[in-house]
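Peer 1: Heads up: the sequence lines are chains A, B, C, D, E and F, in that order.
Just remember that my numbering sits 8 ahead of the position in the first sequence, which is counted from 1.
Just remember that my numbering sits 8 ahead of the position in the second sequence, which is counted from 1.
Just remember that my numbering sits 8 ahead of the position in the third sequence, which is counted from 1.
Just remember that my numbering sits 8 ahead of the position in the fourth sequence, which is counted from 1.
Just remember that my numbering sits 8 ahead of the position in the fifth sequence, which is counted from 1.
Just remember that my numbering sits 8 ahead of the position in the sixth sequence, which is counted from 1.
Simulated from the structure, these hints should not be mistaken for lab results.
Mixed in with the good hints there might be a few duds.
Restraint-style ranges between C-beta atoms, simulated for each label pair [unchecked claim]:
(1) A:Gly55 with F:Glu189: 48 to 56 Å
(2) F:Gln154 with E:Gly217: 20 to 28 Å
(3) E:Ala248 with F:Gly217: 27 to 35 Å
List time: in silico EDC-like cross-link candidates among lysine to aspartate or glutamate, alpha-carbon distance up to 20 Å [as the list claims (entries may be wrong)]:
(4) E:Lys160 with E:Asp112
(5) C:Lys31 with B:Asp43
(6) B:Lys160 with B:Glu216
(7) E:Lys31 with D:Glu65
(8) D:Lys91 with E:Glu86
(9) C:Lys193 with D:Asp43
C-beta: ideal position from N, C-alpha, C; glycine also.
Protein chains: 6
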Amino acid sequence: MSRFDGRRPDQLRPVTIERSWSKHAEGSVLVSFGDTKVLCTASATQGVPRWRKGSGEGWVTAEYAMLPRATNTRGDRESVRGKIGGRTHEISRLIGRSLRAVIDYKALGENTVVLDCDVLQADGGTRTAAITGAYVALADAVTWMQHNHFIKAKSRPLTGTVAAVSVGIVGGVPLLDLAYEEDVKAETDMNVVCTGDGRFVEVQGTAEGQPFDRAELDALLALAVNGCTELTAAQQAALAATEA
Amino acid sequence: MSRFDGRRPDQLRPVTIERSWSKHAEGSVLVSFGDTKVLCTASATQGVPRWRKGSGEGWVTAEYAMLPRATNTRGDRESVRGKIGGRTHEISRLIGRSLRAVIDYKALGENTVVLDCDVLQADGGTRTAAITGAYVALADAVTWMQHNHFIKAKSRPLTGTVAAVSVGIVGGVPLLDLAYEEDVKAETDMNVVCTGDGRFVEVQGTAEGQPFDRAELDALLALAVNGCTELTAAQQAALAATEA
Amino acid sequence: MSRFDGRRPDQLRPVTIERSWSKHAEGSVLVSFGDTKVLCTASATQGVPRWRKGSGEGWVTAEYAMLPRATNTRGDRESVRGKIGGRTHEISRLIGRSLRAVIDYKALGENTVVLDCDVLQADGGTRTAAITGAYVALADAVTWMQHNHFIKAKSRPLTGTVAAVSVGIVGGVPLLDLAYEEDVKAETDMNVVCTGDGRFVEVQGTAEGQPFDRAELDALLALAVNGCTELTAAQQAALAATEA
Amino acid sequence: MSRFDGRRPDQLRPVTIERSWSKHAEGSVLVSFGDTKVLCTASATQGVPRWRKGSGEGWVTAEYAMLPRATNTRGDRESVRGKIGGRTHEISRLIGRSLRAVIDYKALGENTVVLDCDVLQADGGTRTAAITGAYVALADAVTWMQHNHFIKAKSRPLTGTVAAVSVGIVGGVPLLDLAYEEDVKAETDMNVVCTGDGRFVEVQGTAEGQPFDRAELDALLALAVNGCTELTAAQQAALAATEA
Amino acid sequence: MSRFDGRRPDQLRPVTIERSWSKHAEGSVLVSFGDTKVLCTASATQGVPRWRKGSGEGWVTAEYAMLPRATNTRGDRESVRGKIGGRTHEISRLIGRSLRAVIDYKALGENTVVLDCDVLQADGGTRTAAITGAYVALADAVTWMQHNHFIKAKSRPLTGTVAAVSVGIVGGVPLLDLAYEEDVKAETDMNVVCTGDGRFVEVQGTAEGQPFDRAELDALLALAVNGCTELTAAQQAALAATEA
Amino acid sequence: MSRFDGRRPDQLRPVTIERSWSKHAEGSVLVSFGDTKVLCTASATQGVPRWRKGSGEGWVTAEYAMLPRATNTRGDRESVRGKIGGRTHEISRLIGRSLRAVIDYKALGENTVVLDCDVLQADGGTRTAAITGAYVALADAVTWMQHNHFIKAKSRPLTGTVAAVSVGIVGGVPLLDLAYEEDVKAETDMNVVCTGDGRFVEVQGTAEGQPFDRAELDALLALAVNGCTELTAAQQAALAATEA
């Protein structure tokens, strides 16, 4: 069975990871999963939030947002409404936790990296694209910090790599990397964040319609782990390019 | 191996479900999982939000909050700070989704039920206690709606039951229903929402320290499903008592 | 003439004062005036707000709030609306002022006590129940502070006791401790806060319908002073129980 | 004993009531109690808030504010801080209640009057000056509404007059109409709102230091009633001037 | 051709500048341009905002606001709406920039002056009246600071004077100092801020209807420069009066 | 004299206008003025804001924002701070006014176009790039509205074209199209919005240091008009490309 865009059930959309997209940020990546495009910038500064001062440990946090017309219908700006919605908060927290899973705070020293993930165009999977791209921006910021003596050249604040993908059951069929058209029809929707060595950082599965049973859960997890493996390879390829 | 409070790894804390706690609400439950106490009220009103008018379908939503001194250290009131934090938003959304998983909107008709889950005392597992208690409050509100002709006596807006429990890995050991003292030490933390027939509504697992592997995930899921089965029995027992 | 619930005009509703309701707070009381139930917690911390630093004096403040479904019709959460209403502000300030009237700031030292008064169920007189219960929570917190060396064992930060009650004129008859059903019909409504020795801390009388004359004012004051005397006795009895 | 400004204990400060201060408002008064100056404007519009539509009854409400430099030290603007403080809320509510006490909603018809009381210069007694001035602005707005056929020429929406004054105990002596310098030293502070026939609309007494006893309360009430009688005469004199 | 109020096209409305309007502020001016009345207070304090500490330089800033009934139709209070509108922000920034153009920060030392410009009555040209009046309030505050040893007697923080006026094209005719009735009909509207020696601090021209050409722009600039010259003379006359 | 980047004083930076950048919006343009990159999307919807309903006329409005790391130092998100800053408000209003200057509301019918201008990378001139790009996005949205029968094929809602550029005096030399490095050093800064036929829509000149005289103003206006002529040509070239 082929999908609306011709993909196999276990196939990712075309993935691109464009480094050094911005001239200002210490790390910046324009990541695309098909038509989903997210600009991820990593801002490195010396010092940590007040509650962490004197600990000798660093901090990594993230903020996610969508441009108003990233979606098919224009959404109100959260800055204009004067508050951040629940979905935005939830995804920002997820991205931050995912990246912190591969950070050694001691090795980072008392420095802070903020990852901004702004969705320029949305077509499903914005949070998983954001995590996947933000990891690369973070890796570039770490290199920058080494070159600029925020941390020692021998420090290794990154303990591994992290990538994420969505999976879901549509029409009874488990699918990898849902596009928006598939996402709205999914009976079950799951976001999985994995490290490069295939372990789990986050597993978030939600029954949108019918509850799902154990067999379905197992099928989705298998798809997701394979998808993350491919995404990890794409990250490594992007980072292997000579000039950031 | 026994836990700090003498429980076995696969043992719930004592669970109580006290119905009709409030004289005003259409359904109200004081639920406790050990020292965690959550007051769940269900408010039923005729009519639905604007975006749903004319659909013939109802709506169920939830709001979660903590009293400032529900925890060991007093937290600022979100009303005083003027905005709701990310954690509060996230849990409110989780509770709402969990209850909507067992609602037949058509059978509910154009009526709305709001579940308010206010944590009076926190000791770990507040969101899972909230879901478990809110289901019972919702069931009472549905009965009230039948008696008060918001819906027909034969309508069955509830398509099943729902309960939730936390599980986690502490010191390498998978444990059921973490108390706060265990929660802060957990390497992995997972909240699982199940229907009464043992299927999944939500699975949210997070690596707090080390990423977790597939075997650990399987162990946690098994514990959680058994815990939910016990909680479902406690809900049924509470609802079977003659007088709400 | 007897009232809707069988009380005499000068009779309080049944009053209960349950101490140590919460395991976390330094003082905690569940107070009920009939069906009105308020959870009062006292949080004691070392240090004072910035404007008071170095003065050698302490501070006591209060925050009042209602759970959304404490009332017959669900109210919006102030945290969700993003601001606190005028009524909430006004009552929080009243409770704070009332308790500060019996505090010797020097004897308290540079410590702060925050009283949180959360109305779990409302049936008239929530602010007076809050003041009456908060005094007991404050007294327990002071004892705790002595035992935990925040203040010296011989310090006496409490210079007296404080209790409060509502009075009003309904159908031309002055009544003590109005229930909600009476409150909505009252032509005049007055809240009186007294010290244990029968002096006034606050007198707030409002004509809801017709203005009131001096004779009516005198009748209300007399009822209120007697009511506060009874409440003071209930506070003392609660505090006299061996185990907080 | 004479006061810091040479007044007798039972003497008001010089009171001026300047009508038609603004060219836009339907009623506008610049009222001064000594150095306290409040601009009171009454805005009359057809229609009522949504919750009152179809009732055939009108509505009167008030908003109080201080210019940032009305006081000795500049205060932050509440518009800049993004929220209204408790004191502002409390006084706005007091002014609204006081004026509504002399309004016949039926005679007002489905019209709304908003009283804006902006303190241009503060020297104690701003809320009582505001009430006293706002009554005159309201009376002018009612006349305007009769002339402009919002209400019938024979309608009498005003059922009486209302004025307010502060009293307090300073150095053991009960004083009328406290200036700021007296207010900050007062042991007890009371605001009294009276109708023109000498009955009470609001009595708000607060012990700032020592609680007050019944004899002190009686002395303060007597001073306040006399002060309100004088203020009522000043209102009537202002309204008797030929040209508003 | 004469204007609706009998003025020539190049004629200002009657201008009054009343100094020392408030007893509290270090400088205070009630300025009127015809029926437009703005209360400008200057608050001088020692110290500067955090970002400027240790620089040895001072700071001057401004806040503009309108009373709700300054205009023909009552506007909502920005404090009640919980946020400041774009127009308010924009004008506050313009006033601040205009005054800073004639400030020598070094000579001011680490002191701050805040100019509050509150429109009591609006009839066009509120921002230009505010700038013109605020300059005089600022000059008085500087004198006060010299007398009170915030700055040395020989310091000259003011490097010049500043005044502002509006001009516009109405019915094809360039006019000076538009009243509200003219402003709403203007095809082009321009605000010009000049120093006393006839140079420009700000030029803000906007086509409200048709775009304007270079000849029209030149005509407007000529009118504005002449108007500012007259306003500068009025400022000097006000400041020349013996006792502020 | 050549500039830091080798440009002549009267030379624009390289300008690119990339249409159809987003798959969702009715018009979308990525515009760059050198390193300044702004994504402009035009969202067309049927209907108008409430205050305009029934007028038969349309509405055009704009919102401007910067991504947090568009600049050299990361700025706080306005959505997180919960309010929009004065600069953002001011620029949003400027963009809206500029585009409305070339709109025939009647020809637009009761339709609304919202222009979102999000700065992805900032290097001076973000508001002028935004206006220049937004015009092209608006033109594409108008075409889309004709094809989709929001307006008649013969309707011409655009009465002209509009473009904008910054000019300023740096080191005494008038320069066209300031880059950030020049902007921070400018003594005078001016933004000019012109129609395609060389008339002015907005002229906003500000003395950052010394006030400017008439000769300087004339030099800046001449540079700006020429710059806008070039930008108009670039807009026309972009729109002339076959496929939007």
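Peer 1: Work down the list of hints and note, for each, if the structure agrees.
Peer 2: Hints and how they fare:
At roughly 27 Å, the beta-carbon separation of glycine 55 of chain A and glutamate 189 of chain F lies outside the given 48 to 56 Å, and the hint is violated. Separation of glutamine 154 of chain F from glycine 217 of chain E is about 25 Å and conforms to the stated range, judged on CB atoms against 20 to 28 Å. Here the CB-CB span from alanine 248 of chain E to glycine 217 of chain F is close to 29 Å, well matched to the stated 27 to 35 Å. Restraint check: the Cα-Cα separation between lysine 160 of chain E and aspartate 112 of chain E comes to about 14 Å, which is no more than 20 Å; the hinted pair holds.
Restraint check for lysine 31 of chain C and aspartate 43 of chain B: the C-alpha separation of about 8 Å stays at or below 20 Å, so the hint holds. Proposed proximity of lysine 160 of chain B and glutamate 216 of chain B is contradicted: the alpha carbons are some 47 Å apart, above 20 Å. Distance hint between lysine 31 of chain E and glutamate 65 of chain D is unfulfilled; the C-alpha atoms sit about 43 Å from each other, more than 20 Å. The suggested pairing of lysine 91 of chain D with glutamate 86 of chain E holds, with an alpha-carbon distance near 9 Å, which does not exceed 20 Å.
The straight-line distance between the Cα atoms of lysine 193 of chain C and aspartate 43 of chain D is roughly 41 Å, outside the 20 Å bound, and the hint therefore fails.
In this structure, the earlier hints numbered 1, 6, 7, 9 are contradicted, and the remaining ones agree with it.
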